[in-house]
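J.: Protein sequence lines, in the order shown, are assigned to chains C and W.
Throughout the first sequence, residue numbering follows our numbering, covering 2 to 289 in sequence.
Throughout the second sequence, residue numbering follows our numbering, covering 5 to 321 in sequence.
Just so you know, not all the hints are guaranteed correct.
[To be verified] Partial list, derived from the structure: chain C residues whose beta carbon lies under 8 angstroms from chain W:
(1) ARG114
(2) GLU180
(3) ALA181
(4) ARG183
(5) GLY186
(6) ALA190
(7) HIS196
Honestly, the hints are just simulated from the structure, not real lab data.
Every residue, glycine too, gets a C-beta built ideally from N, C-alpha and C.
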Amino acid sequence: MTAEAPAIAAPTPLWRRLLNHRSFMVGATLFGAIVLMALLADLIAPHDPLRNNFRYRLGEPNDVHWLGTDRAGRDVLSRIIHGSQVSLRIGLMVVLITGVCGAVIGGLAGYFRHLDNVVMRVMDAMMAFPGILLAIAIAAVLGPSEFNAVLALSITYTPRTARVARAAVLVVREMPYVEAARAVGAGHARILLTHVLPNGLTPLIVQLSYIFAIAILAEAVLSFIGVGPPPPLPTFGNIIADGRDFVQEAPWICLYPGLAIAVAVLGLNLIGDGLRDALDPRMKVDLR
Amino acid sequence: MNAPLLSVRDLSVAFGRNTVVEGVSFDLAPGEILGVVGESGSGKSVTALSIMRLIPAPGRVAGRIDFAGQDLMALPEPRMREIRGRDIAMIFQEPMTSLNPVFTCGDQVMEALVHHRGLDRAGARAEALRLLKLVEIPSAERRLDDYPHQLSGGMRQRVMIAMALACRPKLLLADEPTTALDATIQAQILDLLRGLQRELGMAVILITHDLGVVSEVAHRVLVMYAGRVVETSPAAKIFGRPLHPYTEGLLASIPRLEGPIERLDAIPGQVPPPDAMPAGCRFAPRCRYAEPACAAAPPPLAPRGPGRAAACIRVPA
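Full structure from sequences and hints, please.
T.: Next comes the structure, spelled out in structure tokens:
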């Protein structure tokens, strides 16, 4: 009995690996600031984001309107703060929907091999369109609304998550513990839920953090060309769209929401990189 | 001999045009340990997987497998799932990856208990603890909540055995259970398996390429070569006087500790690939006694003395 090796020490827990990952922490700080802004919008916005003030149109940034006003005299800072709420909500919905749909479609295609060819060729066909064009086309057909924007982006990005999920399932389904599960009489549902899903989730989570960033950017594009959530609802894209005619006289209208998008997207991408490094045991490179 | 627990008749398994197991027949009595021996690619594992009906999709299985009075080949899949794990259990070669890394050992042992025996969580936990103690895992209480990566290979194989024994199966299929382990741990695991077999009275099919393992544990030996059974004998007799030249070759290639150091008497050549099988005796191209008649037709597995049979035209009846 004594010949067997003692248990090896547990590896560094995930949260500690993430805390030690410098670019993850930078990303988490940047994106955390945007999330905080969205959560506390009603408390911290200095003005009503929808209230017009035509006496003070295209006002320069000053100590009342820190980031200036737009063409209707609305406070740009307040619109950005409230807009972050809508933009993040859209991004989060897209992440949830593409995550679930991608996991189901990719998971079934990877696990039941006879479905694979048909399902993945359909996904390939969808991916053959440039992503943003497909989203614009779907949103234009459905009409401008917040829900339709979510739907358009989810349809557009589900093939990406499905592809990642399928690849993960292809690896996990060949693991001996899956065969061992079959040998103790587990059915397909049980194997998929208790063995394949938890072990194949990692790459999907990483991919979803990038999808979040892409969705925020794509929402801005949809709003900018007028097929996103309709104005006057503030979103990052709507604010920029409102200011595009005044870029010369009032550059702050476009500049600051653009900056907010940049911060959110950069933050999410750094978070994605951090998760990828921390969750992938093969990449033991210390990237600090 | 009383009614066999498992009776396999003319089992053949083919993948595409390649037949990897052909005409395998054997019986297994309740409580008997059958050692299945052969080189890599001889069809040992495929035979075990066919008994579990776990041959993956493109493979085709023919023949008859009767287990405890039921024709396994004819059972609908849901009935077969009930039998897997409850009546027939299996342990695998790779203890390092046969456990799911995201669940604790306790959870995985408990899964079969909840699934097949309908125990509640508290009852399953108590039973899992009893099983871990049965397979002689030290400080079993703590190990219940350990994850697989916290255990050594030998410990993991013990957990696998505990999982396999969870429902007191009538038949245990052990597919190279000690191949991936250190020599000292191998002996411990074999001891454990033999002790448990005696205690629980289950039948065991022990698949291995190591005749040494078989000699320690098995009652009877089935030697397979290139998908066919070439010899079956009581374990006690096969080492004294092997019948088939292939068995003789396997015995000669075991390194010996005593006597002068000399070259190992290895069997020349390799198992032919399944798409290039010789027409007659499949071992003939590597056999030192081969004669022209060997290549003519496959020799039948014919009785050679009490409890013994061999598929070789040179062995006297």
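J.: Run the structure past the numbered hints and jot down the numbers of the failing ones, going up.
T.: The structure breaks only hint 6.
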